[in-house]
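Novice: Residue strings, one per chain:
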Amino acid sequence: MYQWLDERLDLSRLNTKFLRKAFPVHHSFFLGEITLFAFVVLVLTGIFLTLNYEPSTRPVKIEGYNDPVPAAYASILYIDSLPFGAVLRSLHHWSAHIMIAAAFLHMLRIHLTGAYKKPRELNWLIGIVLLVLAIVTAFTGYALPFDNYALTATGIGYHIGEAAPWLGKAMSAILFAGELEASNTKTIPRLFSIHVLWLPLLLLAMIGAHLLLMVKQKHTQPKYAEKVAPGRILGVPAMPQQAVMMGVLFLVYVAVTTFIAGAFLAHPVEAFGPPTPNTPSVKPDWYFMWIYGILQILPQWDLKILGANFGPQFVGGILVPTLIILGAMAIPFLEPQKEKQRYLELPSQHPRRTSFVLAMLMFYIMATLAGYKIDFLNANPNLSSGTLIAILWVLLIVAPILTYIISYILMKAAYRSREVEIEFTGRASAADD
Amino acid sequence: MADHDHDTHAHGHEAALEPEAPEAHATRRAVLQAAIGMGAGAAVLSTLYVGAGLIPKKEITPDREPIAQGDVLVYSQGPKRGQPINPAELKPGAEMIVAYPMNPESQVVKGAELKNTLLVMKLDPGTLDAETAKLAAEGVVVYSGVCKHLGCVVSNWVADKQLMLCPCHGALYDPKESGKALIVAPKPLGQFPIKLENNRIVIAGEPTRPIGVEAATDDGIRRV
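Residue numbers (the numbering used here), protein chains in the order written: chain A, 75 to 507; chain B, 181 to 404.
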């Protein structure tokens, strides 16, 4: 059988060329794999959801509701009533969170270890596009349950999109098939098509490109590989060792996330109810909270240029995130190097870069904190909104700068003492490898 | 065509193979490049044209007609959904009702259009400022319900401060001062002039501001 296939498909060449390919091993390398597992689980649970979901807002009479409810809403209740239906829907929900979180951590790992440098600039760019695509895909799935909460949350995104100068209205109208409101029957089919077809296909293509480039350019290796076998790849073969590790990790991922999904049911549509004129108090998910926070503290000024408004919604919702994304894309091009990067750099040996990453994380945390402005105001009735906004602004600007300075000083001090240690003992301690 | 000459050369029908003039080569390349460029441009333009078809046409149905003079305010939800609001039943300063306009002739409730959402409340007429009082009737004031910030329905009533609150981002509006925006929102809510007829609240004219999200600010914002 093997011989028959080998004569036709040249399996032994595939084996020596790809399947025996060595993959360096390090626990931080699994973050990208977890992102991929989350995507696989999203596709699988997503297929289950599409089989039972009705992308329509036609009114249907169902038990327990005096008035007809939108069919999409009713179909979510139906999915929840199926055996393990609610668990699978939760698994879809949490996997979306995990995919974004793992992709973000994966990106931090790449940044902190300098793995984005030549020749991997292209894969860094693809990675950022993947992260943005994952977030956009998650957003287009928000409205699909068509409950009051989902519609309100999506509506905020709709109006932020509308605030983009010149093209905003047309772009929002294309994405949401007109204005986003409970009575617009075209919105749900449009979002459904984008969420389950176009964006996943795009993600799939980009993930394929990401992996192909990784295989082609070879994974960066931990530093010890340079000492053990300079100029060679130190790792385990893709087949069978790496594949077994991946398989086990995938099963662990599914087991853990299924347990989480069963224990914490996501987005209880029944509690939110079908859309009503009453606005529920919505809070965005953690990956939008920082944008929400910036929107909360921006002053209400605006600028009119050539008939377009550059208001706070545009600045907070579009301009700041776009600048951060462009800044991240520029990172590999800001410190070009001639030779190819083969080995990981230790974060401790690059205090400026590491401090910058920590400062950006602090910025993210402080912007997220600003998202709780209303809660702070409600908890402290004596606090004036103006004072609180001023405090949040100071935190947003000063905390990242302080983080940078402190971590830079600490790292310099710590690293200098380590250098002395190396000189003294003649070798670095094993913990650094 | 230039290609034709080339073909005949290749087939060797002509006795002598003349070397191609470099100018001819350059011209042919320029022509081909221009053709490719124009083709690509036409493809992009036609894609945009097709893409513009993704913006659906707005269908105006009777339940989506804009708010008009003479419309009667009805409950948008709850047990009395679709019934006219009786101003005598409003509790002064204690509640705010999310309402829809109803065409008095066809009896169609125009609730399908989000922009038609209205807010109704009864306040102590003495607390209203002059401009607000002019458009109110016996303390009943009516505002557009669409938040100026990001378009949510301003559906919450803060009874102790007598303010309208949008739950999305905490925008506050003062119904006693022409819907003035206190925090977050860039502009005041539009107030509708109303009159009371046969225990009904009736729209009596245009709102003081355009309805819906507005990005700009040109009036001072007071921070509370």
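These aren't lab readings, by the way, just hints derived from the structure by calculation. Using N, Cα and C, we set each Cβ at its ideal position, and we do this for glycine too. Careful, some of the hints might be misleading.
[As the list claims (entries may be wrong)] Once the Cα atoms are required to be at most 20 angstroms apart in a straight line, the calculated SDA-like pairs of lysine to any residue come out as: (1) K341(B) <-> I448(A); (2) K260(B) <-> Y139(A); (3) K295(B) <-> K486(A); (4) K260(A) <-> K260(B); (5) K260(A) <-> E239(B); (6) K260(A) <-> K341(B); (7) K341(B) <-> E377(B); (8) K486(A) <-> I379(A); (9) K243(A) <-> K341(B); (10) K237(B) <-> Q291(A).
[As the list claims (entries may be wrong)] Derived Cβ-Cβ restraints for the label pairs, each shown as a range: (11) P263(A) <-> A214(B): 33 to 43 angstroms; (12) L275(A) <-> N378(B): 38 to 48 angstroms; (13) A210(B) <-> L196(A): 46 to 56 angstroms; (14) T396(A) <-> K237(B): 40 to 50 angstroms; (15) K237(B) <-> F450(A): 26 to 36 angstroms; (16) G217(B) <-> P263(A): 54 to 64 angstroms; (17) V318(A) <-> G217(B): 24 to 34 angstroms; (18) A382(A) <-> G221(B): 17 to 27 angstroms; (19) L118(A) <-> E357(B): 27 to 37 angstroms; (20) L275(A) <-> V230(B): 17 to 27 angstroms; (21) G460(A) <-> E357(B): 15 to 25 angstroms.
[As the list claims (entries may be wrong)] Partial pick of chain A residues on the chain B-facing surface, computed with a CB cut under 10 angstroms: (22) S149; (23) I234; (24) I248; (25) E253; (26) G305; (27) I307; (28) Q374; (29) N452; (30) A453; (31) N454.
Novice: Let me make sure I understand: some of the numbered hints might not hold for this structure. Which ones are they, in numerical order?
Specialist: 3, 4, 6, 7, 8, 9, 10, 12, 13, 14, 15, 16, 17, 19, 22, 26, 27, 30 and 31
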